[in-house]
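Undergrad: Chains as they are written, first to last, in my numbering: chain F, 2 to 315; chain Y, 2 to 276; chain X, 2 to 276; chain L, 3 to 226; chain U, 3 to 226; chain P, 19 to 344.
No lab work stands behind these hints: they were computed from the structure. All C-beta atoms in this analysis are idealised placements derived from N, C-alpha and C, irrespective of residue type, glycine included. One or more hints might be untrue.
So the derived label-pair ranges between C-beta atoms look like this [what the hints assert, rightly or not]: (1) F/V39 x Y/E160: 55 to 61 Å; (2) X/A201 x U/D140: 38 to 44 Å; (3) L/A13 x U/D157: 37 to 43 Å; (4) X/A201 x U/V143: 42 to 48 Å; (5) L/E182 x U/D109: 27 to 33 Å; (6) F/G302 x X/T141: 50 to 56 Å; (7) L/D154 x Y/E219: 50 to 56 Å; (8) F/G302 x P/A283: 54 to 60 Å; (9) U/D140 x Y/N35: 38 to 44 Å; (10) P/T98 x F/P196: 53 to 59 Å; (11) P/T96 x F/R25: 58 to 64 Å; (12) F/L104 x Y/N35: 39 to 45 Å; (13) P/G188 x F/V46: 29 to 35 Å.
Taking lysine-lysine and the DSS-like style, the derived pairs with C-alpha atoms no more than 30 Å apart in a straight line are [stated by the list, open to error]: (14) P/K237 x F/K30; (15) X/K125 x P/K237; (16) F/K30 x X/K140; (17) L/K188 x U/K40; (18) U/K40 x U/K14; (19) X/K125 x X/K153; (20) L/K40 x L/K139; (21) F/K215 x Y/K153; (22) F/K310 x Y/K136; (23) L/K40 x U/K188; (24) U/K188 x X/K153; (25) Y/K95 x Y/K119; (26) X/K266 x L/K139; (27) U/K188 x L/K159; (28) F/K30 x X/K125.
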Amino acid sequence: MTAAEAPEASTTEAEDSWLDVDLRWEHLKGRLFLAGCVAASLFGVFVLALLIADVLWEAILGVVQHDVSIRTFLTQPASRHADQAGFYAAIVGSVWLMIFTVLLSFFIGVGTAVYLEEFAPDNRWTRLIEANLANLAGVPSIVYGLLVLAAVVNFTNPLTGGRVGPILLAGAVALALLITPIIIVASQEALRGVPDGVRRGSLATGATRWQTVKNVVLPAAFPGILTGTILAVARAIGETAPLIMVGAILTARRVPEGPFDTFGSMPTMIYYWADRPEITFHYLAALGIVVLLTILIAMNGVAVYLRNKYETQQ
Amino acid sequence: MAETDLDIEVDGDEGTGDSLETASTPETVVSTRNLDVWYGESQALQSISMEVPRNQVTALIGPSGCGKSTFLRCINRMNDQIDGCRVEGEVRFKGKNVYDGDVDPVALRRKIGQVFQKPNPFPKSIYDNVAYGLKIQGKTDDLDRRVEQALKRAALWSEVEGQLDSSGLDLSGGQQQRLCIARAIAPDPEVILMDEPASALDPVATSQIEDLIEELAEDYTVLIVTHNMQQAARISDHTAVFLTGGVLEEYGDTAQIFENPDSQKVEDYITGKFG
Amino acid sequence: MAETDLDIEVDGDEGTGDSLETASTPETVVSTRNLDVWYGESQALQSISMEVPRNQVTALIGPSGCGKSTFLRCINRMNDQIDGCRVEGEVRFKGKNVYDGDVDPVALRRKIGQVFQKPNPFPKSIYDNVAYGLKIQGKTDDLDRRVEQALKRAALWSEVEGQLDSSGLDLSGGQQQRLCIARAIAPDPEVILMDEPASALDPVATSQIEDLIEELAEDYTVLIVTHNMQQAARISDHTAVFLTGGVLEEYGDTAQIFENPDSQKVEDYITGKFG
Amino acid sequence: MPREDYQQRLAKLQRDVVSMSDLVLERLTMGLEALETKDEDLAWRVIDGDAEVNELYLEIEQECVDLIALQQPVAGDLRLIAASFKIITDLERIGDLATNLGDYTLDAQRTEFQQVDVQELGGFAQEMVEDSMRAYKDEDVDLCYEIDAADDVLDDKCERLSELVIRDLIQETDVDSDEEAEVMLKEATRLLLTIRDLERVGDHAVNIAARTLYMIESDDELIW
Amino acid sequence: MPREDYQQRLAKLQRDVVSMSDLVLERLTMGLEALETKDEDLAWRVIDGDAEVNELYLEIEQECVDLIALQQPVAGDLRLIAASFKIITDLERIGDLATNLGDYTLDAQRTEFQQVDVQELGGFAQEMVEDSMRAYKDEDVDLCYEIDAADDVLDDKCERLSELVIRDLIQETDVDSDEEAEVMLKEATRLLLTIRDLERVGDHAVNIAARTLYMIESDDELIW
Amino acid sequence: MSYDGNPLSGDGVAADNRRNRRVRRVFLACAAVTVATTLAIFAVLLDNAFSFFYDSRLHEALLGAAVEARVGFVEFLTGTRWAPYHAYPDYGVLPLVNGTLMITVGAAFISIPIGTATALYLSEYASPRVRGWLKPTLEVLAGVPTIVYGFFAISFITPVFVRPFFGFFGVSVDYYNAFAGIVVVGIMTIPIVASISEDAMNAVPDDLRNAAYGLGATKREVSTHVVLPASVSGIFASYILAVSRAIGETMAVTLAAGYQSRMTANPFVEIQTMTAYMVQMARSEASIGTIEYQSLFAVGLLLFLMTLAMNLLNDWMKRRYREEYR
Ligand SMILES: Nc1ncnc2c1ncn2[C@@H]1O[C@H](COP(=O)(O)OP(=O)(O)OP(=O)(O)O)[C@@H](O)[C@H]1O
Ligand SMILES: Nc1ncnc2c1ncn2[C@@H]1O[C@H](COP(=O)(O)OP(=O)(O)OP(=O)(O)O)[C@@H](O)[C@H]1O
Ligand SMILES: [Mg+2]
Ligand SMILES: [Mg+2]
Ligand SMILES: O=P([O-])([O-])[O-]
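Please work from the sequences and hints to get the whole structure.
TA: Encoded structure:
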């Protein structure tokens, strides 16, 4: 890149007039600019490494210095006493939540996406639904909690006077409401990824809309929809605020026995521990985070695997 | 074919529109009469009357935006998919106005196949691609034979014979387009509509498709839109020249259009003096 | 032009490669010698030796994937942008090998303009589009006049004169492409590379671009890749036929290539018997 | 192979040109025979047959124009079409010359100048046309040059025969009457025109050969 | 207007054909003058000038082929090129006929048959060619038909002149010597051939008119 | 030959069409659920917030219940003291808004420059290999639950970074402090800015870059003259989304910034955001219907309206950049 320095005495007359441009200053600016961009990019990586190191460090500290037993942690419910406290009930609570969340959100999410992408006429109502979706996706999670708190948890049967209360299903509803827009958007993306030509090809063959969707579009979009759903559920599993609003039991001392039981969950448990002044609980929180992150990474791994398989197929 | 080319009779009366009372002579499969099409407020086609003869290749040419694709989409009512598209006048398929209330567009499309600009195989196996229309339409007896038949007609059989299970997307562009043609002809339609079927292909694949179109005309009525005047000249028996504003300026025997068009505007268009 | 066409001397010696010792005769602007290009392990060009004469239109034709675009990108080193692309041999611009270590590709590209397949105006005003190259190259004196000059040369001035401030994206496809040509010629390069500059345009816009290219050849050396054999025939003075495998099969006077090519393969390719 | 239909049309064009030449040659043979045998019927058939040649000519010409307009031929294909386009003009002209022979048959008594062997001359010219068409059909370069050489021979022959006619005419100045003289003169005129026509047949054969050479090798040596 | 260069080349083609016709006509005039004045120099100039015509002929033909190969002409453009392609053949042939006149000048004494007005005939034929080229240049349909009609007049004239020559020949049977007779006969032959040649010039003019008509109206009425 | 009757109808087709219509209705119902959700949010928040101001739910009021003003609108929106548990409670929401804005603005100063630069690096400079690991890494950063960031703030940012660093300059830093909240929220919104901006930059056609390269532009010139301006609306959309996320962010700020509502511009003291207050309230034992409890909904409604405004703005921006290069 040192054209301007003209290393050898010019040999031919053509070379004299050849590319008489001085670009040293330009190239210097370019290098500084690049350095800035690289530093910025590495900042995120650096922080992530710090974060993981910190969590692991605290977890190890807990195990090594404060005799937190991993076994107790994984098999026991929470307890007032740090040395007996475990994460088991929280894990089970989260798994239950996950199952009900998926059941509640998947079909509605995919159905809405299919309606919007495949059936909806291009009119005001459709545009309204679309705009509404964009908005729902940006509603803070805590607001969903608030909604479920008022509409479900505090729902009082006018006849019996019985209140629904902070049950697991309410938590699942909050999470489902939270991730339905995410599933819809991901499914829409996947459906849009199916080339329009394919649809027209099917319609022109004399297929109805539904035949087209069922036989051609959905099979092609399914891996994408699945990936999106897994990522959405992974998001749900780490959500804390809506569950707190719904009234999850912060100290999960008991494994929930069904959808109508009260419940605790991993993130609320972690919050509780992290917010306690006692240092030991702090380490428990770190251990809980390790478990939570492990599960999340596993789910992301599955999603990435699916996506890669899907992308190479296309 | 050369001989046929010399003998073709031009249907010289499509301009008048009056002789259409006795609409469908055995030779005419698709005919339109005073066809107007609007997109919202803007008119895309103006009073098109035209008769498409059976088992021949009819090419539609004209400058961009003159309504060629719109015309094609009217025939199998794919325009129904477009919001704000309004059709007036008649489009007759075998004598029946396809815009009559009792005509089901889905049924219509089972009689009129279509091939699109960009090859659009389904992300399924080659076999399933060709079998798709047959399955949808319930023609599932003798499926294997029909699939083979269609692939042979589309001049693709020899190239994919051993790999019917591999994905249609793994084929080259030209092969994909022939697969789409096989898919369109498998349920045995009577008319095949093609909207610039070779414009996304390289010259070699294009000339394979062109050959194929000429062969298809033995069994099917082919209507093809093309941007490429030379392509229309090469492969079609009849040519319809649309001009800007959605007007059918001239329709007739291809050789006549390219050697001695009646309309000066058409002459200017095909000799490139246009615009 | 007709007269010129009849008089053109074919540089008959580019095949031998030996006569290149005395590389830059005044007539040759760009020349390559034993140019090999690899993408990773696969070779895209094989030992191309060719001399591009000054102020003429040289067309590159050949089947898809034969390396036409690759060749073009070698000349202004746009291949540097592609990972895994490796170049061997010489590409000389005015006698200097552009792949020499002391050549700055940024500087090189200021001498060799380029126009792309799809019209790609910047999302800026028409004026800023044309002025962009001038600004980054520091040729900011007399900017208005230069911009006007470029637009006039690109046969666009009369159409955009009053609306230089409106966005370049508001123009039609053909106008956009002429805007891109104006942008390319504004900083006054010596060579203009065009990779299928009209393939995204309709016939009318295409023929305007073709006219423009013929006019540009009065001031610039134009190298144009085209899929459209007829286009090459229409507008070029010299034609290079690449064949699959990245081989330059024949290079010579356009009329000779299209009427009486030396190579049987070229004959087969241009008459469509290929493949 | 792509563009099959087009290739077939090109092949058919070449066949059509050859069959036109067959037709023309047949009429040339018939014309010569009519002259020889003074067969007026045959002469009329030759004359009437011209319509058929002309029709074929127009048809082939139309096909050439069609091919150019519709198929955008280049290189060898274009040279074939261009050659055919020109060759049929020559063939048509040869057909006209055959018609001339028919006309002469009708007008002439053909009693004088027995020593002038028009048949031999006709045979020679005819052979040249046959050769030229063979060269066209088989794309035979050598044959083209041979035909060019043969034309010199033909020209020689014609010149010698013309001289012979004139010498004959002079030697036989002792005519009985003005009428007889007139007949004889007309006869001589006709014979001279016949010779001239056959010479032209040879010229047209050379034209065909020249075109063929250009078609095959794009070598315009023989085209003047 | 798009394809400017192409349109210019078409216009130039038409101009070139017209200037070829000018050249040919000039040579025809010169040939006739040479015959009239027995100017051997002029005759030589006519004969040598054929090379120029042939060159122009080849050049225009090449341009036609170039245009077809490179520009894919259709419709009117194609008809113009096809017409030019054929017309130059006729012009070239007229050029050859002019050369013939030169040849006759060299061979002949042109002392006999003063009453046969070759000049008038030549002028008539020449005018036909001029008219045909005017029709081509101005795309004048009526003129084409006029030329066709004029050809009948020309043919008549030729027939009458031929008869005149023969009658003259018979009337002047009292020649002094064989040599003289031979000269006279040769003279007569040449004259007959001249008449024949001029008749052919007319035929070629009709060809040109026929082509022109086809070019303008794609009407093949006059093409036989 | 004439064609009698209608050749274009058939039983199979009719059945297919009926099924098509049924399925369509089911899917429409699904879509209706999403609309219902929004309506429900509005209804519930309004309904409950009404009782914060007027002592009875909106629907009860509409049904004729007595309406008695409890907290004035003006007091709520302009009051500078938020003390619901105090003996003399005050319901001025400004301290909470102040906390939220402090976090939001501060975080934007971190995430916008870093996120934009990262996006530029990813889309313009990074080789496929680097991109191949950098992008997923950033995605992980985005996927980390907020509670983990909260933990990170109190276990690392504050004790290891903020306190020693600013302590060195003599600044006293609370255990809970806004600065830690700003840092973690800034970090967690970097991926949002980076990823959406990068999408927008990738949407800029390569043709455009090549056009500039072809004119002899350097890489920096291409990035700053061509890519940035061309994707500007997408980039702004990412900023808005990041801000919106910061406003609604709950757990990280709750853990990092604390529970002490106050009007301050000092980032080193404990503050309370709107969301943190809501968490605090939900954890408290206040019973349904009390004014303290209903304040939850008043703050929630305000939060919702703020994010709604942001979302609408974002949606508008996004639409613009999606349309630019079709
Ligand atoms: N979906 C649509 N909505 C509104 N207007 C449309 C639509 N499709 C086409 N048009 C308009 O109708 C006219 C005809 O369009 P059409 O696509 O039929 O033209 P075309 O001849 O096929 O052009 P091209 O050669 O570019 O494909 C154009 O002016 C176009 O802008
Ligand atoms: N970026 C790339 N990476 C790897 N291989 C490439 C790349 N670009 C081109 N190739 C390969 O190099 C060969 C030549 O490609 P190139 O694009 O130069 O062909 P082309 O003649 O321009 O074709 P087309 O007419 O389709 O544009 C092809 O085999 C292609 O697959
Ligand atoms: Mg179209
Ligand atoms: Mg390319
Ligand atoms: O008209 P001719 O071919 O006999 O010169």
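Undergrad: If a hint holds in the structure, say so; if it doesn't, say that too.
TA: Here is how each hint holds up against the structure:
no.	hint	in the structure
1	F/V39 x Y/E160: 55 to 61 Å	violated (49 Å)
2	X/A201 x U/D140: 38 to 44 Å	holds (42 Å)
3	L/A13 x U/D157: 37 to 43 Å	holds (40 Å)
4	X/A201 x U/V143: 42 to 48 Å	holds (43 Å)
5	L/E182 x U/D109: 27 to 33 Å	holds (29 Å)
6	F/G302 x X/T141: 50 to 56 Å	holds (54 Å)
7	L/D154 x Y/E219: 50 to 56 Å	holds (53 Å)
8	F/G302 x P/A283: 54 to 60 Å	violated (44 Å)
9	U/D140 x Y/N35: 38 to 44 Å	holds (42 Å)
10	P/T98 x F/P196: 53 to 59 Å	holds (58 Å)
11	P/T96 x F/R25: 58 to 64 Å	holds (59 Å)
12	F/L104 x Y/N35: 39 to 45 Å	violated (57 Å)
13	P/G188 x F/V46: 29 to 35 Å	holds (33 Å)
14	P/K237 x F/K30	holds (10 Å)
15	X/K125 x P/K237	holds (19 Å)
16	F/K30 x X/K140	holds (19 Å)
17	L/K188 x U/K40	holds (27 Å)
18	U/K40 x U/K14	violated (37 Å)
19	X/K125 x X/K153	holds (19 Å)
20	L/K40 x L/K139	violated (34 Å)
21	F/K215 x Y/K153	holds (28 Å)
22	F/K310 x Y/K136	holds (28 Å)
23	L/K40 x U/K188	holds (27 Å)
24	U/K188 x X/K153	violated (71 Å)
25	Y/K95 x Y/K119	holds (29 Å)
26	X/K266 x L/K139	holds (22 Å)
27	U/K188 x L/K159	holds (17 Å)
28	F/K30 x X/K125	holds (24 Å)
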